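There are 2 protein chains.
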Amino acid sequence: MELKTEEIKRIEEELSKYIDSEVEFILKVGNYILSSGGKRLRPILVLTFAKGIRGENHPNDYPLAIAMEYLHTASLLHDDVVDGASVRRNRPSANVVFGNDTVVLTGDYMYANALYLFSTYGNIDMIRNVSDTVKKMAEGQLLELKKIGDFNITEEEYFKIVEGKTAVLFASCCYVGAELAGASREEKDSAYRYGLYLGYAFQVIDDLLDYIGNKERVGKPVHNDLREGKVTYPLISIRESLNEEERESVKKLLRDIHPDEKHIKEVVDMVIDRGGKELTVKKAREFVNTAISQLEIFPENEYFSKLFKLAKYVVEREF
Amino acid sequence: MELKTEEIKRIEEELSKYIDSEVEFILKVGNYILSSGGKRLRPILVLTFAKGIRGENHPNDYPLAIAMEYLHTASLLHDDVVDGASVRRNRPSANVVFGNDTVVLTGDYMYANALYLFSTYGNIDMIRNVSDTVKKMAEGQLLELKKIGDFNITEEEYFKIVEGKTAVLFASCCYVGAELAGASREEKDSAYRYGLYLGYAFQVIDDLLDYIGNKERVGKPVHNDLREGKVTYPLISIRESLNEEERESVKKLLRDIHPDEKHIKEVVDMVIDRGGKELTVKKAREFVNTAISQLEIFPENEYFSKLFKLAKYVVEREF
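If you read the protein sequences in the order shown, they are chains A and B. Read in the working numbering, the first sequence has 169 at position 169, and its numbers run on one by one without any break. Read in the working numbering, the second sequence has 501 at position 182, and its numbers run on one by one without any break.
Mixed in with the good hints, there may be bad ones.
Unchecked claim - Label pairs and their calculated CB-CB ranges:
hint: 1; chain 1: B; residue 1: 621; chain 2: A; residue 2: 39; range: 32 to 40 Å
hint: 2; chain 1: A; residue 1: 150; chain 2: B; residue 2: 328; range: 36 to 44 Å
hint: 3; chain 1: B; residue 1: 540; chain 2: A; residue 2: 313; range: 55 to 63 Å
hint: 4; chain 1: A; residue 1: 87; chain 2: B; residue 2: 612; range: 50 to 58 Å
What the hints assert, rightly or not - Keeping only pairs whose Cα atoms sit at most 20 Å apart, straight-line, the calculated PhoX-like set for lysine-lysine is:
hint: 5; chain 1: B; residue 1: 584; chain 2: B; residue 2: 570
hint: 6; chain 1: A; residue 1: 28; chain 2: B; residue 2: 625
hint: 7; chain 1: B; residue 1: 465; chain 2: A; residue 2: 28
hint: 8; chain 1: A; residue 1: 282; chain 2: A; residue 2: 251
hint: 9; chain 1: B; residue 1: 570; chain 2: B; residue 2: 601
hint: 10; chain 1: B; residue 1: 465; chain 2: A; residue 2: 147
hint: 11; chain 1: B; residue 1: 358; chain 2: B; residue 2: 628
hint: 12; chain 1: A; residue 1: 282; chain 2: A; residue 2: 252
hint: 13; chain 1: A; residue 1: 282; chain 2: A; residue 2: 265
hint: 14; chain 1: A; residue 1: 146; chain 2: B; residue 2: 347
hint: 15; chain 1: A; residue 1: 262; chain 2: A; residue 2: 252
hint: 16; chain 1: A; residue 1: 17; chain 2: A; residue 2: 39
In case anyone wonders, no lab produced these hints; they're calculated from the structure. Note that the structure is a prediction, hence the values are computed from the model and not measured. Heads up, the beta-carbon is just placed ideally off N, CA and C, and yes, glycines get one too.
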């Protein structure tokens, strides 16, 4: 699926337009991470929902679409500090280039700037939705931190993490797009759920790519989750089938501060051999179907057909 | 001046009421820092302005007064990470107890929660003011970071830092209180300026206390600013009077990663001997007078008389 459209070009052009700080470092750090690429899925969701419902985009759609990318950027910046990351999108991560302190504060600025844009171009209903989302993002990341090394993380806990990491922000993007177009309560709720389930599918596939992807495509080293002691869906999906000895081996790997690559490879192979890939893709397809079913109440037009295809593409992108 | 009133008791009681996270760590970190004391000046400013204008507090005043304390808390949390602090208010700072990663994310949660409270109990005008304030707070802290070790920091840059560190949040508190009471544009602007100049005075005195205070009263080690290479008003006020040799000595101290206590003491004594204390108090009094003059347009009642005394108290608190 080709996402490089006129729309993305316009998003790229507008990306740095709404950072007006006098502090040059904010522009520097902000532009470093904003210019590092990414699929701009979040602004696309805002713009497409607004267009799908009212037939066209209005000028106020753009600053709010960009604001959602700023929220994503802020969360990536803080995430890099929290994870002690060194690489993102094939480049040194911002914390390595600028230092943790600068990155934390630039993240704060980006969060506040996004909310400021909403207070200028949006309304209180959007702000309630978006600030609730930022709360859930922080909660999800904290839960992920607390669950590091925990072989017995429940499926519920895992999906709470996925929700905070990806799904709620997708959901808010769709909600904001619908609200921009003056959608009804029912339409806004359906838009929110479309984004939520799209996000679940997206993150579950992202977690699978950490098992089976290659470094260049994924933009960061693979097998990082296991290396950092994070239990994700591919492992959860086959966990029950492991015997005592295999469980002990996985638990040891998760607790290991400097795991050796051979051990990681063994566990990856074990997860794939047991069908972790197929089970994860199956789960993602279920989410995609739930997402797609939310589109039924909307008019049939090229924009909703794009959102339909986008959901399909999330699962099929690498297979 | 006795600040321990019925009002403070109520603020203390309500402080943890508006954190409803399921994630137990947020409650733990949030309560750790919220329970560590502090003068609750920010909620008091909100409540007193609202009461001064409309004669009484309404139920919605409290969640927004608390939201301003949450913003302050979030900024302290991130500040501790940025500074690599180890002590705050006579206790180990949150980053030492819980780790940087947890503290960054809890700060994010507190910021988002404050904005969420504004979307529930406030209005879009307050949100624009408050989110602009959070932007300026991040900018001020970033500028402070960039100016570390810089003997030649301009007075303008120093006050930009002071603005972000303290003054804009005080200003927003007064603005929110006025807006809660349905104040006019002119009243809201005066309230904002009262808070801004009160904040300047407060921070300038805080910077002086780092020179002349004692550890127990200040709640953290003294002479920290010089130790960390931060140039503040007491030094700026006497900078012109230093000869070449003295300047070199101060510059060396500011650049020194492990400055010795004798050298710090020398520079502190030099600043005090040249009149840094008197010049700083004078500057603070000027700010207090500007703050007080903003109150003229408001009715004369016990609440505005309290705000008058509060401004006086800021400079006189330790002398």
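Hints, one by one, checked against the model:
Take residue 621 of chain B and residue 39 of chain A: their Cβ atoms lie about 59 Å apart, and the range 32 to 40 Å is violated. Separated by about 41 Å at the C-beta atoms, residue 150 of chain A and residue 328 of chain B satisfy the suggested range of 36 to 44 Å. Judged by the Cβ atoms, the range 55 to 63 Å given for residue 540 of chain B and residue 313 of chain A holds: they are separated by roughly 56 Å. Restraint check, residue 87 of chain A to residue 612 of chain B: a C-beta distance of roughly 55 Å satisfies the suggested window 50 to 58 Å.
For the suggested pair residue 584 of chain B and residue 570 of chain B, the alpha carbons sit about 14 Å apart, so the restraint of at most 20 Å is met. Of the supplied pair hints, the one linking residue 28 of chain A and residue 625 of chain B is violated, its CA atoms being roughly 44 Å apart against a limit of 20 Å. For the hint pairing residue 465 of chain B with residue 28 of chain A, the CA-to-CA distance comes to about 13 Å; that is within 20 Å, so the pair holds. Taking the CA atoms of residue 282 of chain A and residue 251 of chain A, the gap is near 26 Å; set against the 20 Å cutoff, the hint is violated.
For the proposed pair residue 570 of chain B and residue 601 of chain B, the alpha carbon gap of about 26 Å is over 20 Å, so the pair is violated. Between residue 465 of chain B and residue 147 of chain A the alpha-carbon distance is near 36 Å, which puts this suggested pair outside the 20 Å criterion. Restraint check for residue 358 of chain B and residue 628 of chain B: satisfied, since their Cα atoms lie roughly 15 Å apart, inside the 20 Å limit. A distance of roughly 28 Å separates the Cα atoms of residue 282 of chain A and residue 252 of chain A; the hinted pair therefore is violated under the 20 Å criterion.
Distance restraint check for residue 282 of chain A and residue 265 of chain A: the Cα-Cα separation of roughly 23 Å exceeds the 20 Å cut-off, and the hinted pair is therefore not satisfied. Of the pairs offered as hints, the one joining residue 146 of chain A and residue 347 of chain B holds, with about 13 Å between alpha carbons and a cut-off of 20 Å not exceeded. The straight-line distance between the Cα atoms of residue 262 of chain A and residue 252 of chain A is roughly 13 Å, inside the 20 Å bound, and the hint therefore holds. Between residue 17 of chain A and residue 39 of chain A, the direct Cα distance comes to roughly 18 Å. Compliance with the 20 Å bound is thereby established for this hinted pair.
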